[in-house]
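Enquirer: Below are the chains, spelled out letter by letter.
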Amino acid sequence: DIQMTQSPSSLSAFVGDRVTITCRTSQNVSNYLNWYQQKPGEAPNLLIYAASTLQRGVPLRFTGSRSGTDFTLTISTLQPEDFGTYFCQQTFNAALSFGGGTKVEVK
Amino acid sequence: QVQLLESGPGLVKPSETLSLTCTVSGGSLRSHYYSWIRQPPGKGLEWIGYFYDSGNTRYNPSLKSRVTISVDTSKNQFSLNLTSVTAADTAVYFCARRIVTTSEDYFDRWGQGTLVTVSS
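Top line first, the protein sequences correspond to chains A and B. Position 46 (the first sequence) corresponds to 46 in our numbering; numbering is contiguous. Plus 1000 on top of the position in the second sequence (first one is 1) and you've got our numbering.
Honestly, the hints are just simulated from the structure, not real lab data. Where is the CB? At the ideal position from N, CA and C, for every residue including glycine. The reader is advised that the hints may include incorrect statements.
As the list claims (entries may be wrong) - Derived PhoX-like pairs: lysine-lysine, alpha-carbon spacing no greater than 20 Å straight-line:
#1 A:LYS107 <-> A:LYS39
#2 B:LYS1043 <-> A:LYS103
#3 B:LYS1043 <-> A:LYS39
#4 A:LYS103 <-> A:LYS39
Stated by the list, open to error - From the derived model, a few chain B residues whose C-beta atoms are all more than 12 Å from chain A:
#5 SER1007
#6 GLY1010
#7 THR1017
#8 THR1021
#9 GLY1027
#10 THR1090
#11 THR1101
#12 SER1103
#13 GLN1112
Kindly generate the complete structure, drawing on both the sequences and the hints.
Expert: Have a look at this one:
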């Protein structure tokens, strides 16, 4: 199975800050890495797929990148509505897996 | 626009079988992969299993011995059966549509989720 190590587990930042979340996979997953945002009481919402492709309707302040087995989700200018928990997910292996999540608090 | 809606009992007794149904509207089950995912309270997401081509299935190895996903294309529904449940199976259960192409593979539509509590 492919292990997903997401960091940090939580962060607190001010509106306007640049925020970076990292996901490291235990083996190569090519670009089969997706990012989701989940707000309390809601289902996850797709932000980025294929490591760096922005889902339709998602604000341009969200970007995704890859360096080997390290993947990064960046929020360029944090907004109040960006609170929630962010999860990475690999779909390279038929046994899908998710990262543990990063809880983002907006000050 | 495709919508998914989970339904089923919110309370299941230990050792019994958890049964949920996902109804898909606005799209066909024949065209995509569909999956069940769960999330214990306050914890992360766990993939349970998925089906594709209206009949082929794949399950999380950690749950494989207890899970069955079945499909009813005439009703545009698919179902989850999880046997011999324990308190560890208490979770919000989501159904989701999975888009799979030659270079992309992601969940683009999710149901709202349904909380299932295992308790006597």
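Enquirer: Look at each hint and say if it fits the structure.
Expert: Results of checking the hints against the structure:
| no. | hint | result |
| --- | --- | --- |
| 1 | A:LYS107 <-> A:LYS39 | holds, 16 Å |
| 2 | B:LYS1043 <-> A:LYS103 | holds, 11 Å |
| 3 | B:LYS1043 <-> A:LYS39 | holds, 13 Å |
| 4 | A:LYS103 <-> A:LYS39 | holds, 10 Å |
| 5 | SER1007 | holds, 15 Å |
| 6 | GLY1010 | holds, 15 Å |
| 7 | THR1017 | holds, 24 Å |
| 8 | THR1021 | holds, 17 Å |
| 9 | GLY1027 | holds, 16 Å |
| 10 | THR1090 | holds, 16 Å |
| 11 | THR1101 | violated, 9 Å |
| 12 | SER1103 | violated, 6 Å |
| 13 | GLN1112 | violated, 6 Å |
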